Amino acid sequence: MSNKSLICAIETSCDETAIAFIADGSKVLSNVVSSQIDTHRGFGGVMPEVASRLHIEQISLVLKEAIEKSGVTMEDVDAIAFTQGPGLIGSLHIGVLASKTLAWYYQKPLVPIHHIAGHIYANAFVTEIQFPLLALVVSGGHTELVYMKEDYNFEILGTTQDDAIGEAYDKVARVMELGYPGGPAIDALAKQGTTQYVLPRVRTEKPLDFSFSGLKSAVLQLVLKEERHGRELDKANLAYAFQEAVLDEVLFKTKKALETVEVRQVVLAGGVSANSRLRERLTRMMDGYPDIALSIPPLWCTTDNAAMIGAAGAVAFKKGIRADFSTSAKAGYDLEV
Amino acid sequence: MKQLFIDTAHRHLTVACVENGVIVSLIHQEAFKSQSEKVMNAIDECFKQAMWQPRQLQSVVLTEGPGSYTGVRIAMTIAKVLASVAPITIYTTTSLQLIAGSNMNTFVLIDARSARVYGGLVDEGRLVDDASIYTIEQVQQLKETHPHWQFVGDLHLIGESDRWMDIEDGILTCIKNARVVDDIDALIPLYLKSNQEYQL
Ligand SMILES: [Zn+2]
Chain L
669 MSNKSLICAI
679 ETSCDETAIA
689 FIADGSKVLS
699 NVVSSQIDTH
709 RGFGGVMPEV
719 ASRLHIEQIS
729 LVLKEAIEKS
739 GVTMEDVDAI
749 AFTQGPGLIG
759 SLHIGVLASK
769 TLAWYYQKPL
779 VPIHHIAGHI
789 YANAFVTEIQ
799 FPLLALVVSG
809 GHTELVYMKE
819 DYNFEILGTT
829 QDDAIGEAYD
839 KVARVMELGY
849 PGGPAIDALA
859 KQGTTQYVLP
869 RVRTEKPLDF
879 SFSGLKSAVL
889 QLVLKEERHG
899 RELDKANLAY
909 AFQEAVLDEV
919 LFKTKKALET
929 VEVRQVVLAG
939 GVSANSRLRE
949 RLTRMMDGYP
959 DIALSIPPLW
969 CTTDNAAMIG
979 AAGAVAFKKG
989 IRADFSTSAK
999 AGYDLEV
Chain E
2 MKQLFIDTAH
12 RHLTVACVEN
22 GVIVSLIHQE
32 AFKSQSEKVM
42 NAIDECFKQA
52 MWQPRQLQSV
62 VLTEGPGSYT
72 GVRIAMTIAK
82 VLASVAPITI
92 YTTTSLQLIA
102 GSNMNTFVLI
112 DARSARVYGG
122 LVDEGRLVDD
132 ASIYTIEQVQ
142 QLKETHPHWQ
152 FVGDLHLIGE
162 SDRWMDIEDG
172 ILTCIKNARV
182 VDDIDALIPL
192 YLKSNQEYQL
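Protein sequences appear in the order of chains L and E.
Letter by letter, the first sequence follows residues 669 to 1005 of my numbering.
Letter by letter, the second sequence follows residues 2 to 201 of my numbering.
Bear in mind the hints are in silico, worked out from the structure with no lab data behind them.
All values reported here derive from a predicted model rather than from experimental measurement.
No false leads were mixed into what you were given.
Distance condition first, Cα-Cα at most 25 Å in a straight line; then the derived SDA-like pairs of lysine to any residue: (1) K49/E - Q775/L; (2) K49/E - A991/L; (3) K737/L - R56/E; (4) K144/E - E161/E; (5) K695/L - I964/L; (6) K737/L - A187/E; (7) K3/E - M742/L; (8) K732/L - D183/E; (9) K194/E - L729/L; (10) K194/E - G713/L; (11) K49/E - H29/E; (12) K776/L - E46/E; (13) K34/E - P716/L; (14) K732/L - L191/E; (15) K732/L - D184/E; (16) K194/E - R709/L.
Let's have the full structure, built from the sequences with the hints guiding it.
Printed below as a string of structure tokens:
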């Protein structure tokens, strides 16, 4: 199957307004991301209505810049790929409408993309994706083990029963007064920490599911206990203990998944894949599987962006996946359809 | 001049193709919470009825609000995207002016939820007061103190039947009084509530 295509991709599912132009599924012609992180930091988290407002303030600027940097014109584009969900409904609406408007004006096909598919296909920028594969998707909104027996075929083997991994990092960072977002802060602090505190092991009913809320409560209890005993909390050691416990859980479940499915490749995906300790530990773990290739996305492609939607979009476009003008944003959206 | 008129601020979806002050095609339908799904097909249908090609479009006139936040962003996203990729001039008007049309001394109220309304006095197509948020009691007081005003819009909020004026008059009056947008990037909806109000 020829991979020739030019995709204009739009992603607005959370707090980044992003538009990219992707050629042949893996060549980035332009990838413009306007992040709202500074605004939401002031609120201590993403405020949905504020996020929608910032998307509409940014959409025309981001679109013009993405077109200009791409060196192509909208006429050249084969299809418009957009994140249909999951995500914040008001934010998704802006990207969906922008996509529909372009599709109408230029009479181009619309290709709806699941946000997670985008994160997984971000790996197309660094490697040739091989099937069957197992994707470990870790982000602020998701924690999933996804099995793909072939291109654009998704089966969720395990998911979180409570918080997403990035959410757990944010909540623990709040308890430890490390600010928002929590992931990078904990990752950095943990580097100076050592094994002083012990946090309990996570238990889930389904063997491949994740759970982080128990760990989060354990951190809170530990903080309160130290306070009660008048002992000073060693934040670096707590960050270390929390991070190791989270990653134990994630890697243990990934290992379990590899016992149930036979794959040629494991790919890491999602915002938390920027975590240095996760990269290190997953790489070391995969040394034990010499027949399975490991792909870790480039740092620029770990957080939300539209390039990854374009990479997934190129595949979905070839597969004939289409949306019409009545399509809408889906806040909750099943990957397995 | 080939103009597209769009209003998605309230529970009706209004889309019209207008050329030189004449409505060529019009879709005006109830679309409570479904503007996002219906708007593009409505635009496409209006263009087909008018026998226009999308590329012939020269200007968009939209209501910037007040109204449902999700709603006002729909028309504005479409306008911003079109103006970003093509030489299309954008004009804005308000949902209050659309509802009032060319009528005199017309106070328009739109449900803003939580027993409040977006309201404003419109006289012959022009906003007399800026659009603002009123409580139901304030509207009732205005009604008592200004017997010569007519009240239109979501009147069920003050215990009367909703009242809507002629939509074609509303569209043409809006187009006549609309303001040109010089900086499309700086265009934001008329929310009447600031970001700070979302602080937890
Ligand atoms: Zn994401």
